[in-house]
Amino acid sequence: MNFLQSLKMAVTSIFSNKGRSFLTMLGVIIGVAAVIAATGFAMGSTASITDSIESLGSNKLSVTIIDRNSNRDIDYEDFKAFTDENPDLISKMAPTVNGTSTVKYQTTVSEGVNVIGTSPDYADINDMHVQDGRYILELDMEYRQKIAVIGTAVANELFGRTNPIGETIKLDGTPFTIVGVLEQKDGGQDGGEDDVIIIPVTTAQRVYRSATIRTFTVLVSESEKVAETQSLIEDFLFETYLSEDAYRVFNSAQILDTLEDITGTMALILGGIAVISLLVGGIGIMNIMLVSVTERTREIGIRKAIGARRSSILSQFIIEALVITGLGGLIGIAIGVGAIFLIISNFVPPVVDPIWMVMSFGFSLLIGLLFGIFPAYKAANLNPIEALRYE
Amino acid sequence: MTGLVEINDLKKTYVMGSNVVRALDGVSLDIRRGEYISIVGPSGSGKSTLMNMIGCLDVPDSGNYLLDGVDVSDMNDRDLAEIRSEKIGFVFQGFNLLPRLTALENVELPLIYRGYSHKKRRELALEALDRVGLGERVHHKPTELSGGQMQRVAVARALAGNPPVLLADEPTGNLDTNTGKEILAMLERIHEQGNTIILITHDNSLADQAKRKIEIRDGRIIHDEEVRK
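Residue numbers (my numbering), protein chains in the order written: chain A, 1 to 391; chain B, 1 to 229.
Chain A with its partners taken away, still in its complex shape (with noise of 0.2 Å):
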């Protein structure tokens, strides 16, 4: 007897019991479309994130200062004499301080504007460039000039159509001169990069009463100098804090070591958690075809006299298993995918991967050849005597 027979029994058999068939396949259906489901949500997040580090640029430093003790401080003036020092090494570097506050332009208010503190540098780090007027100069820093630099999306809000420059505005009550507007970065809409207002770093630690600078961006002159360069800095933080808890410094591409490591780790207990649920639809299958052999002595031992040998009949209900397992698998992934599509899209970009849909569908048939193997090796063993004689 060849394959293609058995397999046509089995289709004929997993047929004349569909309600049964799809009960014993609904283990392996939730196994494969929850690991589709789960590891495109996870490959779509890690894609969305690492896009947005990779984007960073990699040679760019992020220093974070963790001390919360105010007798030692790092300032925007300490930071930049350590840069000027250096000038082989660094060639760009930006302090943040952020805020959020509450802006006025005569009677026009806007909530819950992101005010950054920075530097001149600032601009040039983050791709940013001015379409009128001015950008923050050292010379505002010197001063703690109350100047701002604003987004287009900013300027719609409070101007409409006026020109901005040289206008005032109020932020949390301080008044600001608005000395240039920034280009467009992603299309204007509030909340976005360009609800933005760019005031001097010494300015904000004012305004905001924040003393310590937490944040500092470094850009690095070439990008064979990262490593050098960040021993330095942290050679510089040390220094000051005297002690390596006190501060972090990172680069883009340990930031994405850390993300693929999360990523690895995400995908091991995915898998785990999937092994485990397709383990359990595997019971459930073995449950079902000892059950099925039982009611089908019968059938098998009238099989058996009538020439069907011990490896026709394993092969009958090996194959029976494969055919529900792998069905399972393929409906499975087909609303894996669906849900990734339909559901999981509205948050992470959809991300599809054929391995995981080849190894998922592996595993089920492995599951239904593991499962299937105990039954059919019962109903191959049957004595076609007895089996005959059973009601």
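Each hint should be verified, as a subset may be incorrect.
Said to hold, decoys possible - Here are some chain A residues the structure puts well away from chain B; computed CB gaps all over 10 Å: (1) 84; (2) 110; (3) 111; (4) 180; (5) 196; (6) 208; (7) 252; (8) 327.
Said to hold, decoys possible - Chain A side only, calculated, beta carbon under 10 Å to chain B, not exhaustive: (9) 5; (10) 305; (11) 309; (12) 385; (13) 388.
No lab work stands behind these hints: they were computed from the structure. Just so you know, these numbers come straight off a predicted model, no measurement behind them. Heads up, the beta-carbon is just placed ideally off N, CA and C, and yes, glycines get one too.
Given chain A, put chain B in place with the hints provided.
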């Protein structure tokens, strides 16, 4: 006529709890090609065991059994299955058709296990169904057929591969008298066409339909004679 079934001093014992049942206690029997023979005996006489031996479903404890010249008395499972497929056609009391398959598919089943091609199977199966007078209802499922029709399908299944031995175990047991007569008449016809038929029954009058009657009791053959009509 050559020897088809040559059985010599066949013994088979079953242990049931503390009882030892001598199902076959030294049975010797020769059946020639083309014979129509009945094996008759009450239940527990050993006729079912003898049928299982002849049908290669079971092997004896001792003794020899040559089927069509091949010694099958101590064959393994695999070889017995092969012999059944090639040499034996079974007709059972309870028809034993597979309910999910059509009449035609049921008749084709033994030919599948012989490894015949689809075309050859279909040809032989249709021919066999024609021989039992069921040329028209080939695509019906067993549940759509009457008892007599089901038994005809079962006979067709046994005949399809043209095996040398046709073993019929109480073929009329589940049928009413008239239908039973029809089936017997059909077996008679098949015998006249040259097939060897072994009819197993507990019913003496039924056994008299064959040309030769063998009576078995307590695992031994007590009569072996031509039936006079």
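Broken hints, by number: none
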